[in-house]
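Reconstruct the complex from the two isolated chains, following the hints.
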Amino acid sequence: MLCERCGKNDATVHYTEIVQGQKTVYHLCESCAREKGEETYKAMAGAFAFNQLWSGLLNFDNSLPQVANSPEPACETCGMTFSQFTKIGRFGCPDCYETFAARLEPLLKRIQSSDHHTGKVPKRQGGSISVKRELGKLKQEMQLSIMEERFEEAARLRDRIRYLEQQLGSQE
Amino acid sequence: MNNYLSQASSKWLREDGPESDIVISSRIRLARNISDRPFTTLATDINQAQVLNAMQGAIQTPELAKMGPFDMLFMRELNDVGKQVLVEKHLISPALKESHNAAVVIRPDEEISIMVNEEDHLRIQCMLPGNQLDKAYELADQIDDALESNMDYAFDEEKGYLTACPTNVGTGLRASLMMHLPALVLTGQINRILTAVTQVGLAVRGIYGEGSDALGNLFQISNQVTLGHSEQDIIGNLEGVALQIIEHERAARQYLMRESKETIEDRICRSFGILAYARQMDSKEAMQRLSDVRLGIDLGIIKGVSAGILKELMVATQPGFLQQQYGSEMNPGLRDVKRAALIRERLRMDEANN
Ligand SMILES: [Zn+2]
Ligand SMILES: [Zn+2]
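Quick mapping for you: the protein sequence lines, in order, are chains A and B. For the first sequence, our numbering begins at 1 and goes up steadily by one. For the second sequence, our numbering begins at 173 and goes up steadily by one.
So here's chain B without its partners, still in its complex pose (with noise of 0.2 Å):
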């Protein structure tokens, strides 16, 4: 259990995948449920605790325990600061953690979570580093495969996997790319972009912050339609609509390298002292120097710091997180002293290590 509460086990926040430069990672979604039961929505304890049962004894079965091993976490035996640092990792969501019935289903390697008793009976996510939304949908698939084998679906012909929302009706997938897009919003043309994107059919948001200036320049594009489309095709979209966003990132460094260096090295380096020596730093600000800083690694500014830094210290620098290695009940005030001693002691490891 307290592998789930270390940073280090997540491999999207260990690891890197392909165009991890601009995207940070790649999740996908698929929301099931259990046929002839109520939906969550008017669930009693008791059909609660008959879909616990049918998930306990799934991850059992052959299909399923030969892609495992798995753990099985219920909310009601973890405390707060645990299930917030759950959260904050993104293998449930907010709304699981309030639930007396709910668990989550996970995998030591922290790709793959299964919430259980969430707004639909199941939820598949799977999380990988980088752009991979293919390789996390293959992924999704086959537990989706392995659940069924013994476990009958709520699916209709006509309407596809049937959920307790209409807006996922269908597919039951929701495919989204966590994407770093500072030179798009230094260059003013972010707007523009994120307008277009959402004139396809996709949402975008940014995670923190005003849209142009999203906090830590981190954006999150996702599908919005589930039916009436195949799996290939939503992530096909999504996937045609990324590249597209990558190349004009890549355009916009390149610009701001060849038209404003010296600004731009003057801001990045800026950021990289202000996290190596502050003593207080509140989460915007810290998302913001870890943006630049980031962005400083990727044009080849900022030498021995690993790329990895924005993902890992924006889940680290979290209230929770901090709750958990620091142990006491913080004010925001403490919060930020040990949000700028967390950061200074993650850029000296680096150092020390070159």
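So here's chain A without its partners, still in its complex pose (with noise of 0.2 Å):
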């Protein structure tokens, strides 16, 4: 068998990649591996083979409805289109991701586990974020001791809300 890469050696090193059971196996000569182990450390900051089966998402996406004609909503601040985007898997700047957000979020149910972020929020930026969150998780949690009739804890919950509130109020 031939090397898959240069097409010339004989091909002596098989290399495997699993992502989301999908199974690939090269087959490459002992200096394009060699190559290919630099993109070993690819793989192991996962930066990876993503990029393709983000590419085979998107244009499983192009049967989106256009409107023929008309020219394509490019991105504000960067200029980037859409299509652009699909071909080469990453936005031109931040922005994008509210002009895009339509098309983007089928995607990101499809790639990721939901489209809204629960994790970290930035400390000193993210201030009122966190605030904002917590007045969330406290407001269902004194819905649910109202409803279980713990009073006591409901009237403790609530001061708690209120001072949040209040705080929030006076940042804004």
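Just to be clear, a hint being listed does not mean it is correct.
[What the hints assert, rightly or not] Simulated pairs of lysine to aspartate or glutamate, DMTMM-like, Cα-Cα distance not exceeding 25 Å:
#1 B:K183 <-> B:D193
#2 A:K132 <-> B:E411
#3 A:K123 <-> A:D95
#4 A:K123 <-> B:E310
#5 B:K510 <-> A:E35
#6 A:K8 <-> A:E35
#7 A:K132 <-> B:D522
#8 A:K123 <-> B:E191
#9 B:K183 <-> B:D324
#10 A:K132 <-> B:E329
#11 B:K456 <-> B:D405
#12 A:K132 <-> B:D405
#13 B:K307 <-> B:E457
#14 A:K139 <-> B:D405
#15 B:K238 <-> B:E329
#16 B:K456 <-> A:E149
#17 B:K183 <-> B:E329
#18 A:K132 <-> B:D317
#19 A:K109 <-> B:D317
#20 B:K183 <-> B:E330
#21 B:K456 <-> B:E501
#22 A:K123 <-> B:E283
#23 A:K123 <-> B:E501
[As the list claims (entries may be wrong)] Residues from chain A that face chain B, not an exhaustive set, calculated with beta carbons under 7 Å:
#24 Q112
#25 T118
#26 F151
[Said to hold, decoys possible] Among chain A residues calculated to face chain B with C-beta under 8 Å, some are:
#27 M80
#28 I88
#29 G89
#30 R90
#31 S114
These are calculated hints, taken from the structure and not from any lab test. This structure is a prediction, so every number in the text was calculated from the model and none was measured. Here a beta-carbon is modelled for each residue, glycine too, at the ideal position from N, C-alpha and C.
Shown next as structure tokens:
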């Protein structure tokens, strides 16, 4: 078997990648395998074959209705269009997320577990975001304690909610 | 600078950690971008220079300086071999090496490296020996807070940390474990286990070689999903799966010792003999033999050789390292000769110390 990369030498190294149950086998010669070895790092950093998977998903979605002859909408900040994005798999600037939100949503749901961030919030910048998140949680807890007739706890939660809402009000 | 090109300086290569009979290293990567700037994809030279300046400023701030000292290495100032060595030590990505405007910030223990102007403006990486994802995350989290205390990130309340590629958006977190799984390979269980792992949202790859027979029996397991779970959940999930794999690997090792002791002893000792005396060794054979010897150390069959030998030589026998060590441009044939010499030398070193 010949090396799939250079097509010149015999393939002596066989390299397998498994991404989401999809197995891909590469047959390479020693010297191409060495180059591929550099990409090992990528695998380690996790930069990956995802990109391929990603553009596969995007192509799938090219069936989205397009208005004939109208110019493709572009990001106002950086000028990138959605079809440019599908080709390179990367956005041009942070505002692209807003610009292409509608087309991105179904894709995010497919590749990510949801379209809503629940993890870390930047400490300095995101001050009010963490307060808002805590408020949401406390309000749910309060509802629950009222339903379960734990009124003392509900009152305690109500006071905490008031306090946080005041804080939020004075910040904004 | 020379320190970063010598092998001994990486803590994950020098030291052991929890479960390091199976887990070689733990790595955390956080992708971050500075707000109101184009991502690297569309960044001009001026944009990229601004990101470099911002990072240079950041390492002088008290918040970051107290976690240092840090050195900043600019890609344009390094030669090809130097950059290659940084790739082989996993301090930078191959992509970073190609970029004229890129740099890396490194702490001398090499637990922390921050790539600047990679696919994202900043990629914070923490790498520790053994199974220590929590600790690696804690460290990355502190670096992240220190950077953010003087820098505005591209962050969105709903989408989280905004990254150039939507596969990283949200937490921007990629957690991964490098695992040595020789007994699962030898007992033929590896494919079943790896398939199961990919079904719970994780990615697995053999670093080299065929899936069930990955070169050096080294596998990389990492999270795929970055949006919708908290950092703790992502790490907890990966950790939970890793613990099951560790259990299976340990059980398979016991099974081998019980059911085919002579065969496994012969295989291990044969590999040791070849490594100790061979005069030519290609990287594929080296990885397989080193994996055997490492298993032999873990099973108590080989004594007097340090367990770190697999990861140490796995890095030290890479082309960049060999070239760095022996100077000249080398063809593959000469590399095989030097690789064999380096391995013999390293084994003698342990012998002399006993
Ligand atoms: Zn080839
Ligand atoms: Zn944009």
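Checking each numbered hint in turn, tell me which of them this model violates, lowest number first.
2, 7, 8, 9, 11, 13, 15, 16, 17, 19, 20, 23 and 26
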